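A.B. asks: Spelled out from the first residue to the last, the chains are:
There are 2 protein chains.
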Amino acid sequence: MQKYFISENDFESRTITGDDAFHIRKVLRMKSGDKVIVSNNSKAYLVSLTAIGDEVSFEIIEELIGNVELPVFVSIFQGYPKGDKLDDIIKHGTEYGAYDFTLTMMKRCVVKIEESKKQNKLLRYNKIAKEAAEQSNRNIVPRVVDILDLKKIDFSSYDHKILCYEEDAKAGEASNLKSIIRSLKKDDKIAVVIGPEGGIDDKELEYLKSIGFTSCALGPRILRTESALYYVLSSISYEMELK
Amino acid sequence: MQKYFISENDFESRTITGDDAFHIRKVLRMKSGDKVIVSNNSKAYLVSLTAIGDEVSFEIIEELIGNVELPVFVSIFQGYPKGDKLDDIIKHGTEYGAYDFTLTMMKRCVVKIEESKKQNKLLRYNKIAKEAAEQSNRNIVPRVVDILDLKKIDFSSYDHKILCYEEDAKAGEASNLKSIIRSLKKDDKIAVVIGPEGGIDDKELEYLKSIGFTSCALGPRILRTESALYYVLSSISYEMELK
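Which chain is which? The protein sequence lines are A and B, in order.
If you read the first sequence in my numbering, its first letter stands for residue 854, the second for the next number, and so on.
If you read the second sequence in my numbering, its first letter stands for residue 854, the second for the next number, and so on.
Chain A on its own, in the form it takes in the complex (with noise of 0.2 Å):
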């Protein structure tokens, strides 16, 4: 069943807004009875539609219990990537669990952004989260925070801090992501590093590791700057959500 966020002032005046008003009208057709689910502040709750216009009204059927989030805060921080790849990061971060995204410029970034179009592009990214949220039956949307350099993030509320580095996987090293997570309590917070194409500078390895990060192969094979997140997600969801 389709999912929408919502805000407070909606949820309060049981009205849902803007595109996805426009979604529900033009793209779903949907009618007067229709039934989705919208989400408001980590709750979830099936609604029916009682009338649909530019705005769209419903009522509450009942409060849907049943927790679809990762037992832990996950934050990604993505060295920013060529191309269109972030499109994909962050909506398939989504679905896998992610708790937010930070795009982080790193020495080896190719790609230059002027801090005129940093408000853009993080619109357009959070809007991506909020469509994947919805797809994946989240009942939160990962925010997408900033564009930041490496240096300029402050780490230390981390309960852990996991570097993906590949030169790791060259040389043999295969148990530190797992120890990791097979230490993780409920609500820890977890900062994963991953960086762009051409990895990680030593100077940046460094300064990592004087700050507490622990550098993980993920696996033996390498894996690229824009699928290297799904294999910790998927480690940290194997490990803690299936039984």
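For the record, the hints were derived by calculation from the structure and aren't laboratory data.
Just so you know, not all the hints are guaranteed correct.
Because identical chains share one entry, a pair is satisfied inside a single copy or across any pair of copies.
What the hints assert, rightly or not - Derived pair list, reagent style BS3-like, types lysine-lysine, alpha-carbon separation capped at 25 Å:
id: 1; residue 1: Lys-1039; residue 2: Lys-1023
id: 2; residue 1: Lys-980; residue 2: Lys-1062
id: 3; residue 1: Lys-1038; residue 2: Lys-896
id: 4; residue 1: Lys-983; residue 2: Lys-1023
id: 5; residue 1: Lys-896; residue 2: Lys-1023
id: 6; residue 1: Lys-935; residue 2: Lys-1004
id: 7; residue 1: Lys-935; residue 2: Lys-856
id: 8; residue 1: Lys-1023; residue 2: Lys-888
id: 9; residue 1: Lys-884; residue 2: Lys-960
Since the model is a prediction, treat every value here as computed from it, not as a measurement.
Fit chain B to the known structure of chain A by using the hints.
C.D. replies: Only chain B this time, still in chain A's reference frame:
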């Protein structure tokens, strides 16, 4: 270091030909004395280039020991998706260690492939697999076997049969995948069926269960057809390859 998969004949005559020779000469602009990895028949060798022209000659420095292949053979039966999603599925699925891919036509596939276009498509997808295998340091190149109707596929030789099924995720199923993965033994053959965008049809579900498939949720969130395989492959790698 760049890796090239070459044929038995080329390996015997210590030459690299075709697109790979072009890549060495024109893209990487390598010189005599530069080193690459050459892979043949599941073995990998560090080689030094001795002459660079339309064909490239090399001499072997040493055989490289070290297995980067999953300890089991995972065959992906991917419901044929829309657009260019298969490019990424084959590229990243190769990085994640898939053994082979069969592009599977199911009831809810939107795309129809004309018989006359199959061979060209398979050629193209096998080329993507070869390039991805080289980049991700695989010892073998996963084969894109064929484009086949689900009912025409012979699954009898597989030791384990996994059906990725999103309705199970919605219903809270959370143990089937892990219990299969925990029972895997070295060299087991595993078939993984993933539906197209519209999912698995009820009759297909019934048929697959009747021939021994276990339907499995991939965690509690709904993954898309083009991202489901990473969950299965990472989970196998996490369980069997990480310590």
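A.B. asks: For every hint, state whether the structure bears it out.
C.D. replies: Results of checking the hints against the structure:
no., hint, in the structure
1, Lys-1039 with Lys-1023, "between (32 Å within a copy, 22 Å between copies)"
2, Lys-980 with Lys-1062, "neither (34 Å within a copy, 38 Å between copies)"
3, Lys-1038 with Lys-896, "within (23 Å within a copy, 42 Å between copies)"
4, Lys-983 with Lys-1023, "between (37 Å within a copy, 19 Å between copies)"
5, Lys-896 with Lys-1023, "between (44 Å within a copy, 16 Å between copies)"
6, Lys-935 with Lys-1004, "within (21 Å within a copy, 41 Å between copies)"
7, Lys-935 with Lys-856, "between (31 Å within a copy, 23 Å between copies)"
8, Lys-1023 with Lys-888, "between (51 Å within a copy, 17 Å between copies)"
9, Lys-884 with Lys-960, "neither (53 Å within a copy, 28 Å between copies)"
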